[in-house]
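Peer 1: Each chain, written out:
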Amino acid sequence: MAKYLVLSDNFREPQGSTVSDDQLEGLNIEALILGGHLKAEPSKTKTDKE
Amino acid sequence: MAVEILKSCSVTINAVDLSSLVESVQITHAAEKVEITSMGMTSRRYVTGLAADAMSINFYVDFAASKTEATMYPLVGTTTTVVVKPTSAATSATNPTYTYSNAFVEAHTPLGTGKVGEVPMTQITLSGGDIVKTIV
Numbered sequence: 322m323a324k325y326l327v328l329s330d331n332f333r334e335p336q337g338s339t340v341s342d343d344q345l346e347g348l349n350i351e352a353l354i355l356g357g358h359l360k361a362e363p364s365k366t367k368t369d370k371e
Numbered sequence: 011m012a013v014e015i016l017k018s019c020s021v022t023i024n025a026v027d028l029s030s031l032v033e034s035v036q037i038t039h040a041a042e043k044v045e046i047t048s049m050g051m052t053s054r055r056y057v058t059g060l061a062a063d064a065m066s067i068n069f070y071v072d073f074a075a076s077k078t079e080a081t082m083y084p085l086v087g088t089t090t091t092v093v094v095k096p097t098s099a100a101t102s103a104t105n106p107t108y109t110y111s112n113a114f115v116e117a118h119t120p121l122g123t124g125k126v127g128e129v130p131m132t133q134i135t136l137s138g139g140d141i142v143k144t145i146v
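As given, the protein sequences belong to chains A and B, one line each in that order. Mapped onto this note's numbering, the consecutive letters of the first sequence carry residue numbers 322 to 371. Mapped onto this note's numbering, the consecutive letters of the second sequence carry residue numbers 11 to 146.
Please note that a few of the clues may not be correct.
[As the list claims (entries may be wrong)] Computed Cβ-Cβ distance ranges for the label pairs, DEER-style: (1) 13/B x 324/A: 40 to 48 Å; (2) 45/B x 339/A: 48 to 56 Å; (3) 57/B x 326/A: 18 to 26 Å.
[Stated by the list, open to error] Here are some chain B residues the structure puts well away from chain A; computed CB gaps all over 12 Å: (4) 30; (5) 50; (6) 54; (7) 101; (8) 119; (9) 130; (10) 143.
Everything labelled a hint here was simulated from the structure, so no lab data went into it. Don't be surprised by glycine CBs; every beta carbon is placed ideally from N, CA and C.
Extracted from the complex, chain A is given alone in its bound form:
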């Protein structure tokens, strides 16, 4: 599941918070990124350490 950092102060979710795909249903995510409202968070990969 992709996550996004909220950059702007006029988006529905608070600035600085992180939102996921399912919270953005019905919205145009690409336009929000291009408009400077959201920034895609890098996905974390699991590493197995023994």
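Dock chain B against the given chain A, drawing on the hints supplied.
Peer 2: Just chain B now, kept in the frame of chain A:
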């Protein structure tokens, strides 16, 4: 008679609050009529066709980060969700919320008419999709 004077409409496009830059907003909740008039009838008859909802919003242009231009330009030719309320107060019977889903953004005019000495206004035209009114 209680007459509503619009002073603080709430307008969010793609979940971005642009209310402070809105000059006017027009909501058109409509349905196409399909004619079924046949011989023997003395007047025309219609049935409901497809929904034909639409919306038009006039904004003051603001090229600053996250304002009208940054928000609207990437939306042209795509679909989004627009939410409009008569006031910014909580949704109620006297302050209904109109949610326009799958709205196709037809056009955006970044400099308005581009006349010298005028404040540029951009008009956003949306069509398609469905407008749903909620009061709770």
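Peer 1: For each hint given before, does the structure comply? Return the numbers of the non-compliant ones in rising order.
Peer 2: Hints 3, 4 contradicted; others consistent.
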